[in-house]
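Count the sequence shown with the numbering used here and you get residues 236 to 323, in order.
These are computed hints drawn from the structure, not numbers from a lab. Glycine included, each C-beta is placed from N, C-alpha and C at the ideal position. Watch out, some of these pointers could steer you wrong.
Unchecked claim - Dumping the calculated DSS-like pairs for lysine-lysine here, alpha-carbon to alpha-carbon at most 27 Å:
id, residue 1, residue 2
1, Lys280, Lys315
2, Lys292, Lys319
3, Lys309, Lys241
4, Lys290, Lys241
To be verified - Simulated DEER-style distance windows between Cβ atoms:
id, residue 1, residue 2, range
5, Asn261, Ser317, 31 to 41 Å
6, Cys246, Gly293, 13 to 23 Å
7, Val320, Glu255, 12 to 22 Å
8, Asp257, Gly298, 15 to 25 Å
9, Glu249, Gly274, 16 to 26 Å
10, Gly298, Gln321, 34 to 44 Å
11, Lys292, Asp253, 16 to 26 Å
12, Lys319, Arg297, 30 to 40 Å
13, Gly270, Val320, 13 to 23 Å
14, Arg299, Ile265, 24 to 34 Å
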Amino acid sequence: MQYRYKPQGVCSTEIIIDIENDIIQNLQVIGGCHGNLQGIASLVKGMRVEDIISKIKGIDCRGRGTSCPDQIAKALEEYKISKKVQLV
Numbered sequence: 236m237q238y239r240y241k242p243q244g245v246c247s248t249e250i251i252i253d254i255e256n257d258i259i260q261n262l263q264v265i266g267g268c269h270g271n272l273q274g275i276a277s278l279v280k281g282m283r284v285e286d287i288i289s290k291i292k293g294i295d296c297r298g299r300g301t302s303c304p305d306q307i308a309k310a311l312e313e314y315k316i317s318k319k320v321q322l323v
């Protein structure tokens, strides 16, 4: 399943996540710090959604109250909510 998210409060403009059985197959972040986000995408590939959320949720970028990693965690939380809604 591909999940798309529009981040807020950061330089990136879109997060695209391919997820199968709650495991990240691919992560792409449009905009933001390209090298850092490529590194994050590589690190999270093959990880469980819950594990990623617990590691990167709440990371702050220069006092903004959020960051691209935090927005990835928010995207994954929204994915989980949308998945539950689909099951109902």
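Right, here's what the structure says about each hint:
no., hint, verdict
1, Lys280 to Lys315, "holds, 17 Å"
2, Lys292 to Lys319, "holds, 20 Å"
3, Lys309 to Lys241, "holds, 10 Å"
4, Lys290 to Lys241, "holds, 21 Å"
5, Asn261 to Ser317: 31 to 41 Å, "violated, 18 Å"
6, Cys246 to Gly293: 13 to 23 Å, "holds, 18 Å"
7, Val320 to Glu255: 12 to 22 Å, "holds, 19 Å"
8, Asp257 to Gly298: 15 to 25 Å, "violated, 32 Å"
9, Glu249 to Gly274: 16 to 26 Å, "holds, 18 Å"
10, Gly298 to Gln321: 34 to 44 Å, "holds, 37 Å"
11, Lys292 to Asp253: 16 to 26 Å, "holds, 20 Å"
12, Lys319 to Arg297: 30 to 40 Å, "holds, 34 Å"
13, Gly270 to Val320: 13 to 23 Å, "violated, 35 Å"
14, Arg299 to Ile265: 24 to 34 Å, "violated, 18 Å"
Of the numbered hints stated above, those contradicted by the structure are hints 5, 8, 13, 14, listed in ascending order.
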